[in-house]
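**Student:** Each chain, written out:
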Amino acid sequence: MSNIMKINIGPQHPSTHGVLRLITELDGEEIISIEPVVGYLHRGLEKLAENRSYLQYLPMVDRIDYLGGFFTSYAYCNCVEHLLNCVVPKRAEYIRVLCMELNRIASHLLWLGTFMLDLGASSPLFYCFRDREIILSLFEELTGQRMMYNYFVFGGVRFDVTNEWLNKVSDFIVKFPQCISDYEKIITKNPIFTDRTVNKGILSKNVALQYSVTGPNLRASGMDLDFRKSNPYSVYDKLDFVPAVNHLCDSYGRYLVRIAEMKSSVDIVKQVVRYLKENNGDISANIKAINLKVQEGEYTSYVESSRGLLCCYLRADGSGKPYRVKWRTGSYYAVQVLPQIAKNVNYNDLIAIFGSLDVIMPEVDK
Amino acid sequence: MIKIFRKILSLIQGHITVFKHSFKKRVTLEYPEVKPVIPERFRGKPDWYGNKCIGCKLCEKVCPAFAVTVDKLNDNINFKIDLSKCILCGNCMYNCPKSAIKLTSDFELATDLKENLIVNKNSKDELYE
Ligand code: SF4
Ligand code: SF4
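Protein chains in written order, with our numbering: chain X, 1 to 366; chain L, 1 to 129.
Fair warning: there could be bad hints in the mix.
Straight-line distance between alpha carbons at most 25 Å, and here's what the computed PhoX-like set of lysine-lysine pairs gives [stated by the list, open to error]: (1) X:Lys288 x L:Lys98; (2) L:Lys61 x X:Lys321; (3) L:Lys7 x X:Lys185; (4) L:Lys20 x X:Lys185; (5) L:Lys98 x X:Lys168; (6) X:Lys175 x X:Lys277; (7) X:Lys175 x L:Lys20; (8) X:Lys175 x L:Lys24; (9) L:Lys7 x X:Lys189; (10) L:Lys52 x X:Lys47; (11) X:Lys168 x L:Lys25; (12) X:Lys47 x L:Lys61.
With beta-carbon atoms standing in for the labels, derived distance ranges [as the list claims (entries may be wrong)]: (13) X:Phe159 x L:Tyr31: 25 to 33 Å; (14) X:Lys6 x L:Glu108: 42 to 50 Å; (15) L:Asn120 x X:Phe159: 29 to 37 Å; (16) X:Glu35 x L:Lys24: 28 to 36 Å; (17) L:Val27 x X:Arg324: 44 to 52 Å.
FYI, nobody ran anything at the bench for these hints, they're computed from the structure. Where a beta carbon is used, it is the ideal one built from N, C-alpha and C, also for glycine.
Please take these sequences and the hints and turn them into a complete structure.
**Tutor:** Here it is in structure tokens:
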């Protein structure tokens, strides 16, 4: 008699971070195979672009990744700007980088909190949300919303930052390293945490490359690929920072990479705030966005988002609407690699491994 | 032996950190009684000012959710917005040439009747108000 049992995890499961269904085959407590079923959160965000004008589609791209609205906004705006041959003012680019880096910190904080909750620790969740709240309030003050910003416009940003706001950012950035060290004190060496993450969910460099896994997941597998460094976009080539890499390949390595990435984001934010305080300038190239017509052509923009490489492919046909928009998001590939790395592990560890990949379902299904 | 000692030490360190945090200032609000401070730019429920609107229909054009409808009959402008469709993106406010739409700081939009989510306004009523 075969002992293999099929278990259906999700789609409504608190630990799948959205609506993901995992069809798992178990032999006792050991996982034989996993089949992820995605698409429960499909909103047709690529198709929607085709019957909307460029400006109408702009607020929608924030919803592709609700934890990293600035990254998707930037990718889309960058495509349109490139096709319009428009030069974005320096100050606007710096403001964009500032927003994106704060967004990265906020996104990683949410990941850290929920990942720890998956492992059964609830204190870090509250601390992470408390600190993330500060960033969200800063965003709310600057853009008007906490998550769906609609702040980047074609050719720049919508509002200028004030010195007062920058001071608030500086205050936060000064205090934040202490917060990170608090998380590390609670988590990094905690035996309950290390027992469940060290040598669990091994994602080797080869497998990661075969499955096009990018972002912190790839960097935790020992591959130094950060698009902010390798193909600098925006003003990243003028900023001094060290991308986080390590060779542990396991869930613990992915945790360390994200913690280190928050620290490097802090460095970037410091430099950007200094620049913005010292230099004034335009914040937008003043493109008339209503009735905007984009000449024929295609372009793909690359952005290193908090969950890996984010690409936006835009094809314009000279009319007022995009002909085709295609998104490539990091989480999609992280879900696909799960069957590989969670093979032959104990059922208990599945959620811990899945949590360590930082998957956001709306980004997978789009 | 040393390993076990280290493990215990790290657990103690974690507990001390958590203990210290319990003396920090409270960050939550007792919501319905205490309202949060809403920043100036906050985008909440859209409001329309009939005396400013010229009926150019630009807001209709830029709305991603097709939530706004503007009908102009002679001097009488009828403005309808379906809040169940509106995604509070602010496109209408940012692109209105006369600043006739403002997204207010009203964020408490929950209601038990769908009709309450449809705001129908007429420029005539605005004048008498
Ligand atoms: S864009 Fe402004 S002025 Fe034009 S119809 Fe809409 S509310 Fe009226
Ligand atoms: S806020 Fe956005 S979705 Fe709502 S009515 Fe204005 S343009 Fe439409």
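**Student:** The structure should be examined with respect to each hint, and the outcome stated for every one.
**Tutor:** Structure-based check of each hint:
1. X:Lys288 x L:Lys98: Judged against 25 Å, a Cα distance of about 16 Å means the pair holds.
2. L:Lys61 x X:Lys321: Since the Cα atoms of lysine 61 (chain L) and lysine 321 (chain X) sit roughly 13 Å apart, the hinted pair holds (cutoff 25 Å).
3. L:Lys7 x X:Lys185: Roughly 12 Å between the alpha carbons, so the hint for lysine 7 (chain L) and lysine 185 (chain X) holds.
4. L:Lys20 x X:Lys185: 12 Å, holds
5. L:Lys98 x X:Lys168: 33 Å, violated
6. X:Lys175 x X:Lys277: Roughly 19 Å separates the two Cα atoms, so the pair holds.
7. X:Lys175 x L:Lys20: 16 Å, holds
8. X:Lys175 x L:Lys24: 14 Å, holds
9. L:Lys7 x X:Lys189: 7 Å, holds
10. L:Lys52 x X:Lys47: 36 Å, violated
11. X:Lys168 x L:Lys25: 19 Å, holds
12. X:Lys47 x L:Lys61: 19 Å, holds
13. X:Phe159 x L:Tyr31: 25 to 33 Å: At 28 Å between Cβs, range holds.
14. X:Lys6 x L:Glu108: 42 to 50 Å: For glutamate 108 (chain L) against lysine 6 (chain X), whose Cβ atoms are near 46 Å apart, the range 42 to 50 Å holds.
15. L:Asn120 x X:Phe159: 29 to 37 Å: Given range 29 to 37 Å: holds, Cβ gap about 31 Å.
16. X:Glu35 x L:Lys24: 28 to 36 Å: With a Cβ separation near 45 Å, glutamate 35 (chain X) and lysine 24 (chain L) fall outside 28 to 36 Å, so the hint is violated.
17. L:Val27 x X:Arg324: 44 to 52 Å: Distance hint for valine 27 (chain L), arginine 324 (chain X) holds at roughly 45 Å.
Checked against the numbered hints listed earlier, the structure breaks hints 5, 10, 16; every other hint is satisfied.
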